[in-house]
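K.L.:
Heads up: the protein sequence lines correspond to chains A and B, in order.
Okay, so the first sequence: first residue is 1 according to my numbering, each after it adds one.
Okay, so the second sequence: first residue is 1 according to my numbering, each after it adds one.
What you were told as hints is all true, and nothing was included just to trick you.
Some chain B residues judged to face chain A by a derived CB distance under 10 Å, without partners named: (1) His34; (2) Tyr36; (3) Gln42; (4) Glu45; (5) His49; (6) Val85; (7) Tyr87; (8) Arg91; (9) Thr102; (10) Phe103; (11) Gly104; (12) Gly106.
Worth flagging that the hints you see were computed from the coordinates, not collected in a lab.
Ideal placement from N, C-alpha and C gives every residue a C-beta, glycine not left out.
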Amino acid sequence: DVKVTQSSRYLVKRTGEKVFLECVQDMDHENMFWYRQDPGLGLRLIYFSYDVKMKEKGDIPEGYSVSREKKERFSLILESASTNQTSMYLCASSLEFLAGLGNEQFFGPGTRLTVL
Amino acid sequence: DAKTTQPNSMESNEEEPVHLPCNHSTISGTDYIHWYRQLPSQGPEYVIHGLTSNVNNRMASLAIAEDRKSSTLILHRATLRDAAVYYCILRSSSNFGNEKLTFGTGTRLTIIP
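Based on the sequences and whatever the hints tell you, model everything.
P.N.:
Now the structure itself:
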């Protein structure tokens, strides 16, 4: 069974702290993604990665960075957490894009981060 | 990116068919129509996708209008486990490596026992 796991379901941090959110997939997927989900705004893409050590900005990258040192692991980093980064964070992975195929994204269960 | 329009919410009775509409009047010829759903307290999951022809899989059917400006996700016999937010997403195949999914706010489906 395919699986995307995230390091924590719930996380509480203080303003100014450095926060690491970890995501691991066991499907040998090339692509990995980080989204955040907020009420009324749907899911918004923060960063994604096509391959190890490669990263691309999504729609809302400000205040975030990412790291992909190994194919199976994609980390989201909040250098200095702020209260407006309180959100649900979702990681996803998919195979290399091929036109016409589903190239479905497989999502993890999410991490609910609260920044106080 | 071409946009989609879905109703905010719908209700359906258990064990009856459900038709979830999606409008995408600015769809381009290379856009695929994808559907995902998000069950409570879970990440989204893929449901189905199509280009021009109607599609069926074990989860649902996708009916695409002839002019492709709208589509309908059909759950043939809804169960309580189908209660979720359903997202209709357009995905371009025109650029290699175009992996981005743009989620709107979707349709919240409530199943009435």
